[in-house]
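Asks: Fit chain D to the known structure of chain A by using the hints.
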Amino acid sequence: MRRAYFKTSWIAAALVAPQLLIIFVFFYWPSAQAVYWAFTLEQPWGGGNTWVGLQNFRNILSDPYYWNSVRASFLFAFGSTALAMGMALILALFADRQLRGYKAYRLAVIWPYAIAAPAVGLAFRFIFAPGAGLFSYLNTLYPGLWDPSVSGTQALLMVTIAGAWKLVSYNFIFFLAALQSIPRSLTEAAAMDGASVMRRMRDIQLPLMAPTFFFILVINITDSFTDSFGIVDTLTGGGPARATDLMVYKIYSDGFRGFDYSGAAAQSIILMGLVIALTFVQFRYVERRVHYT
Amino acid sequence: MAEIRIDKVSKSYGKEKALMQGIDLTIMDGEFVVILGPSGCGKSTLLRMIAGLEAVTGGTISIAGQVVNDLEPRERGCAMVFQNYALYPHMTVAENIGYALRVARVAKAERMARVAMVAGSVGLTEFLDRKPGQLSGGQRQRVAMARAIVREPKVFLFDEPLSNLDATLRVQMRHEIRKIHNRIGATSVFVTHDQQEGMTLADRLVVMNKGTIEQVGSPEEIYERPASTYVAGFIGSPAMNFLPGEIQGGAVILENGIRLPVPGLSGLDGTMVQVGLRPERLSLTGPGRGQISARVDFVEELGSARLAHVLVEDIAISVLTGDKLAIAPGDEVGIAIAPCVVQLFDGTTGKRIETAAHAAQQVETVS
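Chains as they are written, first to last, in this note's numbering: chain A, 1 to 293; chain D, 1 to 367.
These are calculated hints, taken from the structure and not from any lab test. Treat the numbers as computed from the prediction; the structure is a model and nothing was measured.
Across the chosen pairs, the derived CB separations fall in these ranges:
id	chain 1	residue 1	chain 2	residue 2	range
1	D	75	A	180	21 to 29 angstroms
2	A	86	D	16	33 to 41 angstroms
3	A	113	D	29	55 to 63 angstroms
4	D	221	A	110	52 to 60 angstroms
5	D	18	A	110	33 to 41 angstroms
6	D	72	A	144	49 to 57 angstroms
7	D	95	A	110	31 to 39 angstroms
Cβ atoms here follow ideal geometry from the backbone N, Cα and C, with glycine treated the same way.
For reference, chain A alone in the conformation it holds in the complex (with noise of 0.2 angstroms):
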């Protein structure tokens, strides 16, 4: 790569300065801020504080529906990651392919990354609805089959596939690229070697895509901890019974319904540091295990 140089470092520091400004307008600044109000009290009509140490913490480590929080948001993490990343999988494979028609299903596939969370929660309120559609139906031939309202299990799954949807597209697009980046040849090669079609995904393209896998991974964990907010507030609202109150959801609610804004303060604290621990587990863990060619 090509490196510049600038001789007069003002203009180095002024092409980099607006760049700068936003990252600290718009996370510096409220985080430093949500620091100071994590260890304050803050009074719910504004006008002073008074510092509490760690008495936030303490509060939220020893609240149950912090730890239901939590179970959540892991579930629906891990859940969602695994769901859109083998969705995205099937689906890249076989755009790679080339079977027919592959050209307008890829388009189709690359759209839904476009839309909204908050629309993307409106449309599954939709398809789930246990008094509309496909599940109406299934719920007259088996009474209480679905119902999201009622069940814990059934919101939580729900949302968990509401959020992988809306990931799918973006991985899908990284798995083609990836796919496609392996040189033909080598599947060629592995054909004249007698490795039918699975075999050669298998032993071929799946550990050339390790890298890839490795990057989706970590921004889908991130992403599923940190983004779910719009899916969970239009799909349940964090019900029933707080079974999809996620994280970030409860910080919200914590916060904004709660007039508590120091305690949503210090879980935001907590949730920042538990995806940088997440990601830092990825890097040092399964990086490792990652061929670059």
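Replies: Positioned in the frame of chain A, the structure of chain D alone reads:
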């Protein structure tokens, strides 16, 4: 026995006009056949159709008496060496070589033994634990070869396997490929655009052009008796001289009026021809002697010989001369052309015209 029969094979992509039409070729069991042609002539496509990597549009391909048109590559018993080697980057050399055996569920102990043996035969024993990325070009080439050999295939297919190597290595690998063939004796089809590779490796050479076969024959046959101007120009280095002319009264009258006597042209008066003269079959003599007089334009020093570019009025001819004559640009010289070195091709179709001189020469070489 693995004889390959290619019968009226054609290939086209979609609705476009045929890339290849009516290819007929029989490759005998144990034969080393080289398919030679410029890029885009369809030689690789033909090889890939034999391998089963491309569908055959029309006609049939059979291997060892069995029509293989609808068989998967793995059912055909062919091994292929690719141009870019196509080694699996995430596997070690041993895993690369042994992959076919692993797919075929050969027991591990036997697999290791066979891999070790083949690796030894191509000098890879100490590299078995390396990944392809840690090997040099020549070593990768050997791995690709070993991967093909280990399966003990009926047929070896080579798709320009040497074109990514540097010149020295290419010659060395060429020798090794021929040695391996001599040892194993499997039917081999080798595709290349390098005429030297083709001439040196082949039992039989197939020259292709624009999706058709121009000529099939032994390397010597193709060099001595090219079937067309295309083959004549493609084979031989430096390239053959072509002089357009017309046959009149037992001689060829060149475009600039110069008369080139050629024996055995009776009955061909009025035919437009291309006269083919191989530079290495011509020689320079003193001015006024030889069949044509010419003037030296410039001289290329090749080390072992010199390539003199001379002008016969406005027609340029190159002459390869082993004598280190003191010739300089502007010198008047004569060109000695033995009747038997003159090759004639039809002026319009480019097809070879047999002359009595060649018949005589044939007798001469035989006796």
